[in-house]
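Novice: Please put together the full structure from these sequences, using the hints given.
So the protein sequences, as listed, match chains A and B.
If you're matching positions, the first sequence starts at 1 in our numbering and goes up one per residue.
If you're matching positions, the second sequence starts at 1 in our numbering and goes up one per residue.
Derived by calculation from the structure, the hints in this document are not laboratory data.
Note that the Cβ used here is the ideal one computed from N, Cα and C, for glycine as well.
Not one of these hints is a red herring.
Lysine-lysine pairs mimicking BS3-like chemistry, simulated, CA-CA at most 30 Å apart:
id: 1; chain 1: A; residue 1: K326; chain 2: A; residue 2: K384
id: 2; chain 1: B; residue 1: K30; chain 2: A; residue 2: K178
id: 3; chain 1: A; residue 1: K178; chain 2: A; residue 2: K384
id: 4; chain 1: A; residue 1: K18; chain 2: B; residue 2: K37
id: 5; chain 1: A; residue 1: K178; chain 2: B; residue 2: K37
id: 6; chain 1: A; residue 1: K18; chain 2: B; residue 2: K30
id: 7; chain 1: A; residue 1: K387; chain 2: A; residue 2: K326
Chain B side only, calculated, beta carbon under 8 Å to chain A, not exhaustive:
id: 8; residue: L6
id: 9; residue: I16
id: 10; residue: V17
id: 11; residue: T23
id: 12; residue: I43
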Amino acid sequence: MILFIYPFGKRIRAVAPKAHTLAEVMHARHGRSSQLMLAGSNIVGSVISLTSNFIAGGALVALLSPFSFGQGVLAVAVGVLMYTLWSGFRASVLTDFAQVVAMLGAVAIIIPVVFFAAGGPGMFTQGAGNLTPEQSNFFSSDAFLNQGAPYIAAVLAYAIGNQTIAQRLFAVREDLIKKTFVTATVGYGATVIGIGMIGVMALYLGISPTGGDVNNLIPQMASTYLGPVLLSLFFVMILGALSSTADSDLSALSSIMMADVYGKNIATKPNPKTMLLVGRITMIVATAAALIFASQQMDILDLLVFVGALWGALVFPVIASFYWNKVTNRAFTTSVVVALAVFIPVRFSWFSMDGVTGILFDILSAAGIGIVLGLMVFGFFGLKPAKIAGAVAALASAPFVIGFLHDYTVLTGSLVAYAVSTIVCYLMSVRSKQDFDFALIKQRIGDYDPVADDASNTPDDDLDGATLSARK
Amino acid sequence: METILLTVYVLIWPVIVAGVLWTVCRGFFKDWSESRKAGRNII
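Specialist: Below is the structure:
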């Protein structure tokens, strides 16, 4: 899904070359409420992501060392905080290379080793009886509807809602955006699916996660089938991999607080030194919050799918704001608020889906399928093919969705978030008389570090319109 | 036949990941070498 975001990334970079966060661009495009809405959802998402990584670290330490889950969480949190606090995004980038080598290395080495140590191809014939008919079906609709489809919908929203991905859109050299995102797509996809193969092997081997906690399954398989040397390597590799995500989350959170909260809403004249202090305090507070949440030991996949679905409410309003000059601040804000107000009760089954209510939400879900596919096609091929693909997908899925899909609340919640935000944003914008000039975004977004810029620019040229007006 | 397909299905991902790892490492060391020659920081 990362692949589908790079055409939007090229547009975002063209419209706002000096931006640091998507929320900052929304401030220039719409105003404060849209910016804070996007920044707020980014903060929620990054704290949840940070929590997930601390939980994974705690589970790993608890299973593979004499230390407890709580001690593991604390060690990972303090370790990541220390080096990120010391050098911020620079440390995140520097450690990223070592961590990506660790993460990809773990998949490339550990999976084949576990596979052959667990009996090789023979496990598939001997262990076939351990699978239910649904588990042995490669095209299981139950697996797709409960996990695959919600994950697809969630990951598309990640690139918009997750500042750790968005900040790479702004950080990557413009001529390398396509190459970077294609490599990331192949690498990320193969890594995630590859790690999933440990779950497939566990199924055939009849291994259940310790204490019924699926977070324990991977370290449990590693400790069963790896020797001491490879087990230590696995331990270091996985800790490195999850530290990589955690430090990106800390950098993302500090960017949001520096650029979107302090830079745009508190300071009249942003001071780079104060910004740095704000960023560092954010990292400490976020780590403390994630430590508290991590102590609840929630299911990591559930957390990630939840936050992805939450971000689904933002995808259409954000993307439309970069292409459609009629989208207003009110349309953006209202559509996101309404979508969230519908998504949360659906996701947590706060009301019955019996009868007409279920049918109504199924119709919205069919529209959501069309919107997700339409957005994917739009990035690559433009508006007309996107409209056709979206309409065909919605109509073709309707007979299979209506009267049925509302039983899968995770998927329904995601699709409804997409559908409601799109419908509300479209209806409120289509008759709007606004004719936004996208060139204004470039003028309104400032650079907080004018020293590095071209000498022809005076510092004032680098400050945004709001700051300049505040100075006058 | 099913056993062979399942084996390929499980082992294909580490192979793809190894390919990506090689691409990333090659790119990193190329950039590192260029930045050292030019006397500037890689980031």
